[in-house]
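Residue numbers (the working numbering), protein chains in the order written: chain A, 56 to 449; chain B, 56 to 449; chain C, 56 to 449; chain D, 56 to 449.
The hints are simulated quantities; they were obtained by calculation from the structure and are not laboratory data. One or more hints might be untrue.
No distinction is drawn between identical chains; accordingly, a pair holds when it is met within one copy or between any pair of copies.
Derived DSS-like pairs: lysine-lysine, alpha-carbon spacing no greater than 27 Å straight-line [to be verified]:
hint: 1; residue 1: K395; residue 2: K275
hint: 2; residue 1: K318; residue 2: K278
hint: 3; residue 1: K278; residue 2: K393
hint: 4; residue 1: K393; residue 2: K422
hint: 5; residue 1: K275; residue 2: K318
hint: 6; residue 1: K391; residue 2: K153
hint: 7; residue 1: K275; residue 2: K105
hint: 8; residue 1: K393; residue 2: K153
hint: 9; residue 1: K391; residue 2: K105
In this text, all values refer to a predicted model and were calculated from it rather than measured experimentally.
Read off the chains here:
There are 4 protein chains.
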Amino acid sequence: MAYRSGRHFLQIPGPTNVPDRILRAIDRPTIDHRGPEFAQLTRDLIAGLKEVFQTSGLVVIYPSSGSGAWEAALVNTLSPGDRILAFDHGFFAANWSKVAARMGLAVEVVPGDWRRGVDPAVVEEKLSRDREHRYKAVLVVHNETSTGVTSRLPEIREAMDRARHPALLMVDTVSSLGSIDYRHDEWGVDVTVSGSQKGLMLPPGLSFNAIGPRALEASKAAKLPRSYWSWDDMLEFNEAGFFPYTPATNLLFGLREALAMLKEEGLPQVFARHRRLATAARRAVAAWGLELVSADPREHSDTVSAVFTPEGVDADRIRRIILERFDMSLGAGLGKLKGKVFRIGHLGHFNDLMLAGTLCGVEMGLKAAGVPIAASGVQAALDFLSSNPAPGAD
Amino acid sequence: MAYRSGRHFLQIPGPTNVPDRILRAIDRPTIDHRGPEFAQLTRDLIAGLKEVFQTSGLVVIYPSSGSGAWEAALVNTLSPGDRILAFDHGFFAANWSKVAARMGLAVEVVPGDWRRGVDPAVVEEKLSRDREHRYKAVLVVHNETSTGVTSRLPEIREAMDRARHPALLMVDTVSSLGSIDYRHDEWGVDVTVSGSQKGLMLPPGLSFNAIGPRALEASKAAKLPRSYWSWDDMLEFNEAGFFPYTPATNLLFGLREALAMLKEEGLPQVFARHRRLATAARRAVAAWGLELVSADPREHSDTVSAVFTPEGVDADRIRRIILERFDMSLGAGLGKLKGKVFRIGHLGHFNDLMLAGTLCGVEMGLKAAGVPIAASGVQAALDFLSSNPAPGAD
Amino acid sequence: MAYRSGRHFLQIPGPTNVPDRILRAIDRPTIDHRGPEFAQLTRDLIAGLKEVFQTSGLVVIYPSSGSGAWEAALVNTLSPGDRILAFDHGFFAANWSKVAARMGLAVEVVPGDWRRGVDPAVVEEKLSRDREHRYKAVLVVHNETSTGVTSRLPEIREAMDRARHPALLMVDTVSSLGSIDYRHDEWGVDVTVSGSQKGLMLPPGLSFNAIGPRALEASKAAKLPRSYWSWDDMLEFNEAGFFPYTPATNLLFGLREALAMLKEEGLPQVFARHRRLATAARRAVAAWGLELVSADPREHSDTVSAVFTPEGVDADRIRRIILERFDMSLGAGLGKLKGKVFRIGHLGHFNDLMLAGTLCGVEMGLKAAGVPIAASGVQAALDFLSSNPAPGAD
Amino acid sequence: MAYRSGRHFLQIPGPTNVPDRILRAIDRPTIDHRGPEFAQLTRDLIAGLKEVFQTSGLVVIYPSSGSGAWEAALVNTLSPGDRILAFDHGFFAANWSKVAARMGLAVEVVPGDWRRGVDPAVVEEKLSRDREHRYKAVLVVHNETSTGVTSRLPEIREAMDRARHPALLMVDTVSSLGSIDYRHDEWGVDVTVSGSQKGLMLPPGLSFNAIGPRALEASKAAKLPRSYWSWDDMLEFNEAGFFPYTPATNLLFGLREALAMLKEEGLPQVFARHRRLATAARRAVAAWGLELVSADPREHSDTVSAVFTPEGVDADRIRRIILERFDMSLGAGLGKLKGKVFRIGHLGHFNDLMLAGTLCGVEMGLKAAGVPIAASGVQAALDFLSSNPAPGAD
């Protein structure tokens, strides 16, 4: 690869562009994880995370990737052979199901075409039929990073309520937390899973469980073997400001800065910014004459747009051209979408001109790859951004 | 706490003082963990780690603390109810046993007084008696961070060989790797567990398993549920330079720098430096008239010295005084040593004058706490350092 | 100002976007400026700078802004009352003349309209007429940052040669060095002045004089008072790798990294990249129907485009709108161009998508300010970039 | 040189150990030096600097080393041929005189033995005799970095007052500001010169003039040629928050952090800390049986101790041994003290254990060099520190 001048455009749907403030916060000497300064840090972090999860409950922090937090949600609440209801609505939903199966759970996966989110009607139907309450948990990925589809969680919650089913609702918010409105308490979620490397703008390496009271209750009877992921140890140590094992101190320094940044901007402003930029990105896709994987406008993701390439055009070739010519990384099609879609991340530490540069890169890349485009997506996006100025921009 | 000028002395036995080079390496934009630059990084890291573990076998990297790597070693090789032989030779050895019990293994713990390492004779006896080979694994902590005792692994290996027992030998090297000579292959270790935050000089957040051929074979039949820690996925993805889930990219940048630094200094030089500085620290302890927890000179740790305070003197009070007056963190007594010992970390990115400052702080702290000392430990240490100059220092 | 997410676009014509590599290189402990490590650093820097100035002569480094290096060029070579020939071809050219006048020189300034560079014919005429060789020096700004005009130095040199005039040729390359081809030796320049914060991609704080043999000779007789700027002390100390006063050590660490980056990319590639991106920017300006300050295509700058706003449109209002709405800084019109032009910096650590984002911001800003544009400049620039891929991009 | 593990001990009397907070503050993208964010920065910095100089007057900031600020003080207030009174009380005092001579001033240098500061009685005598007020300025170095002697400025001021002489009092505080109590207003100083790299804990590259009303008045009539150093331009631009030329933006970010740190600790606490640590260092020197250059205990410097080696012992050899064996840089003897003294910097971001490590290094170095020492200086220093705990340390 030739020498690259200028900044790389990291427009995969996470890990996202880490702000300098956060990188610099991480770049300081490690401190004693059993000392008084650390205890204050822990308490501040947990308080801040609760605001981001919109919960007054418990939040635990793992030194792990998001997949670890999937496993944690399961092993803390369930017992070998427990039946759980999952949905094949994307690559990560499918993977979470696989984790559940590996841990010894009986996973029932509702098939899907990956172009729609979890259907609340199906949830209601499945749970209503389950008179014996054999489903112990329902797994939903809030925002499918592989497809750019955001499931309608409030409706899913209502469906569960209508079915009067006691299954725990477990939700993966890895690519929505801190970017798309998410309400752990209001939506009656029992365990929320998340990670550091998307809306929280951190490097990967931290993951989270937000824990509702029913999940905590369930954890007392849960029989799956667990140690690293055990909530009980974690919560007991956290109480005093510490961790049962060495935490990822420097990433926690970064988390403190990330929480401060989200607070400075304000969560509603953060969500509105993502909505506005995502809408502009979708205008570009539409202008190009390309199709989103997300088939239902109510479910279009505000953090990632997965875009089908025309029949016969290898999406990975386009991505390679864009990487080589324009030094921009886009997300690949995953699983059954491999080679058929590219994904544009538009989340985290992001603004109008970063999006503009990104869309220019995609547009030039499509041309370079010989993909015919209907009209300039860049122009469509700029028109939208111009007509819809960011609030407070003047 | 009053304003603190100057550098904090972080002399707990890990996390250790992270070199600026490593902090700065971590402080750079995250890259696409599925792109070509990343694949090269992965391959370089694994090659470098093999040199540090002194193995030609396999090494896997987890985004987790060292405790995760304990769990990984167990769940990849064992099945529910498997019997394992462990030793109560320190806080971390005891904790690893607890992890094993939690994961559903039948742990037999040989009691100990925490002042000696694992006794090769006991290993031989236990294994020789076990004609049916019911012990599937033997767990040993190479260097007990809580006690400053280094078990004599080559002799333990010989004991197992004499007993002709097929149990897997699993070794925790969290506080020895990269500081005290450790030879995965030569010593016939089946799984080595380690972490990033001690001899590797990184912040916490990465852990490792070095995997021997017998362990790999065992993993094929092992039945404990596993997903996050699964070697099979990890090894398969690593082959292509990737990870089955998002790795802790920025810590991996730091790891690359750490491996480069160890290589620049040279492992034998690293070990000799730790030996020399540890000897000086022990001279100080002896001069003060205090006693090491480690009772056998063959087992004194070159990375940490755990020191008994005189009867009736609260070690934590001394540590608090030292923290408040001299801005230095020392390690606390853990478990049954709580309040009875303080621990001096002398490992990682460390040199003569850092040790000298450390010992001055301990000596002044002992005085401030009213602990009578026999003679100046500082002077004894300086005398040793002066009489034994570092090779190549001129 | 509202909270700003994402990266600021710093598109003033310098200081330019400092690469992370350089910021990180600066971010390390200061070292002894009289020690052996420092001596090596000094020697490496001077060797590297010579390559960038394309000279086999002498280069000195000042801890100062570029204006200091202007003063240095003058006080080292001239005596009170010496007559010098200067040209009013832009804000910085005018300022350099003012510095000369303040230092007690008799400056003759040839008037200009700031839309063209120094006219070689005028140089020839002026010098030819000066039979008594009263002009001791000719001052030229290679690339006028205020106007985006690059004077044709080889032709100016030829004009001086034809006039057989011994005046020293002094050239300011603050906004061309490391971006636009510049040849101190080949073009017979006597003193080249430059700074750190443009093509060298560093923060401001370092400046340079490249010194030809005639200038060095002149310095022996020069009578202007000088101390801080004295070449003689500087050269004597540099010989041993040191400085006559404390140098700006950490910025020098950054300079080492900058020189390494320029070498990795290759100077010809650096120049070609700037040419290509500048051409794209000019295509955008033309498409918008706006006019460049630079009136002669042979003199269009490859580092900065100064653009007239339509009659009656306050350029600073446009800049303010762009800063507030799109978090991008553009250069203001300076001196007599104040309020009439905005300047787009397209130099330093810069690439296609950064330029694309920049131009999108300008285009949206023009619209937001109600400036009618003829056509999409973004589209014109993207078309150019697409049709003229960067060499080695595939 | 062999690989060096651990931190270098930078114990020259400046540049000092830059705190991580300051390095990290410098390590961020440069901003537009003509934008609104910058204007706020400038105003904050000047307000903060006034507190440090203890003045309600004017302070200007140069992108230059401290030597530049010497020149600035002179060229802004004096005219060619003006007579000034200076004192040969150390290397830097001598150098400042040389600068004055080079700038065309008539410098009268009172000889001295470099073991004492400026003698107030001599000042009074010289000025009293000068009935025609031919001396236009008196130059004093507050703390001579080369000798570790702090002149008694309040007494010098009183001497000038008694002589009723209107000469401007110009004081170099490069190695005292932010470490030793210094009062620009109260002591009636007309121009104070300082730099960034000592008590302000920054890397080198910034210098300062604090300007009293009489100096400002003098600047209106001063005739020495000046441009880069001109107060008038600087003050005019500063008024609006800007600079007449590109400032060293990133170092200014560091300055903001440094000022915040000094404020957090509190100036009186900063001075007391330096006093306490310096006293401990002097106890060590005395115990070793070595002699300070500073002959008068009223003038011992709290930032640097210059120590004579015994007759016939090359101080530079000791320094070299200490650098090679213990990776610590000490200051060399300068000028006529070359080879006869080594200098220990104990200023800036500094604390008990850093001093302890430093003194251990010196003590071992003396031994390694075969210098006989009377008793352990380390022990003497530790005893002092123990008996005189830092206030607020408990």
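Violating hint indices (sorted, rising)
1, 2, 3, 5, 9
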